[in-house]
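Undergrad: These are the residues of each chain, in order.
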Amino acid sequence: MFLVIKMKTQLWSIAIVIIATILMSFSQILFKLYVDENSFTTIFINWKLLIGILVYIVSGILLILSFKGGQASTLYLFLATSYIWVALLASHFLGESLTNAKSFSIAVILLGMFVLFLDNFTNKQWVRSFG
Amino acid sequence: MVNIISLILALVNSFLGASGAIFLKKGSGKIFIKKTVVNSNLIIAGLLYLLSFIFFLIAIKFDDISIVYPITSVSYIWVVVLSAKFLKEKITTIKTLSLFLIIAGVCMLSLT
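Heads up: the protein sequence lines correspond to chains S and Y, in order.
So for the first sequence, our numbering puts the first residue at 1; every next one is plus one.
So for the second sequence, our numbering puts the first residue at 132; every next one is plus one.
In isolation and in its complexed conformation, chain S is listed as follows (with noise of 0.2 Å):
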């Protein structure tokens, strides 16, 4: 007996929200590089923050076109995907430390975003194998 989960979700539409993440988690490397040469004294505009803003925005349209291919809850566990992203970007772009202990710290994260991502399967979406 084994328990099978429905595909409800198309792998298209996953694929298109982990390109969506990585875009998005691009944005925030380019938002730090950004407020690290602002000093708040004065509104100060950049190609860095512009171009952050733009990519930011487009992964936000990706991420409403994936939706049309499955359920909103499956796919949000994927853009939990960006707190890894953002660690390795900042890593290789930032040169800030990928300790064990802070990778271990957002695999907890995860690992509670992917037991809350349990919680929105009904029992209609559990469907019991028999053989």
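Hints in this document: simulated from the structure, not taken from any laboratory.
Hints may be right or wrong, so weigh each one.
Said to hold, decoys possible - Chain Y regions said to be covered by chain S (calculated; three or more residues, Cβ under 8 Å):
| hint | region |
| --- | --- |
| 1 | 185-191 |
| 2 | 219-232 |
To be verified - Pairs of lysine-lysine, DSS-like flavour, derived with a Cα cap of 25 Å:
| hint | chain 1 | residue 1 | chain 2 | residue 2 |
| --- | --- | --- | --- | --- |
| 3 | S | Lys48 | Y | Lys216 |
| 4 | Y | Lys216 | Y | Lys157 |
| 5 | Y | Lys192 | S | Lys102 |
| 6 | S | Lys68 | Y | Lys216 |
Claimed, not checked - Selected chain Y positions facing chain S (in silico; Cβ < 8 Å):
| hint | residue |
| --- | --- |
| 7 | Ser197 |
| 8 | Ser214 |
| 9 | Ala215 |
C-beta atoms are modelled at their ideal positions from N, C-alpha and C, and glycine is treated no differently.
Chain S is already provided as a structure; the job is to place chain Y on it using the hints.
TA: Chain Y only, in chain S's frame:
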């Protein structure tokens, strides 16, 4: 350990973002009824998201983004709590467990 200013700003950011999500949820249900995308809930949601973004920018000024960004996952907790309060959604045992895990992860991250 995480910079305390960044931590507070990230927590405020996540609360504002979660509040924005609640207003977005309340506003989105009225879009087709009013036959217009402009309604007060959506405007408030937009303003809250904008404010949340400004808090985020200031938060990442004081610490690594690889620490501050995961801390904003606290917004998931706010959403569960606020949707129970204002949208009458249920807080199940599984949801509670997931919230504890997210809090534990954020606490560990704050102490690294």
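Undergrad: Against which earlier hints does the structure fall short, listed by number upward?
TA: The structure conflicts with hints 3, 6, 8 and 9, although it agrees with all the remaining ones.
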